[in-house]
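Colleague: Sequence:
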Amino acid sequence: MTDEFEDRLGNWAAWARPRRMIVASCRSLESQYKAPPMWEYPQLKTEIDINDAMRIEEVLTGETFPKKAMAIIVYSYVYPWLNFSGALRKINRFGGEHVKQSNFDEKLLDAKRVLRNTLKITDAEQLYKVV
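Residue 521 in the working numbering sits at position 126 of the sequence shown, with consecutive numbering throughout.
Keep in mind that a hint or two might mislead.
[Unchecked claim] The calculated lysine-lysine pairs, modelled on DSS-like cross-linking and capped at a C-alpha distance of 30 Å, are: (1) LYS485 <-> LYS462; (2) LYS495 <-> LYS524; (3) LYS515 <-> LYS463; (4) LYS463 <-> LYS507.
Just so you know, the hints here were simulated from the structure itself, not pulled from any lab data.
All figures in this text were calculated on a predicted structure; none of them were measured in a lab.
Model the full structure from these sequences, guided by the hints.
Modeller: Next up, the structure:
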């Protein structure tokens, strides 16, 4: 996959990720602690291309996109911290060919190919859509 497509998936994942999981700072329980001025916090990427993220979300949740491929992409990008075996159980609930740890990378690559090709088709349809 191209770096540009990976960047698009990362952008979509940042947009789709539950907001409560984003940690911007660390505080004491009393919320009174102030960091010394010499500390610098890493800057989080705050610029999210919402339009592109919503296009990817629209394709992923569309009726024609394979649900198992959607689940593989979602659990790989939006919830990367989940237990791998638990994510596999949830992915395999969608039926079809059983995804195992040994063939997960292959299935992820297939799912990303399907997504990339579907995005190309929908982008072309939008480009030539007469308003």
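Colleague: Compare the structure with each hint and give your call.
Modeller: Evaluated hints:
no., hint, result
1, LYS485 <-> LYS462, "12 Å, holds"
2, LYS495 <-> LYS524, "41 Å, violated"
3, LYS515 <-> LYS463, "20 Å, holds"
4, LYS463 <-> LYS507, "12 Å, holds"
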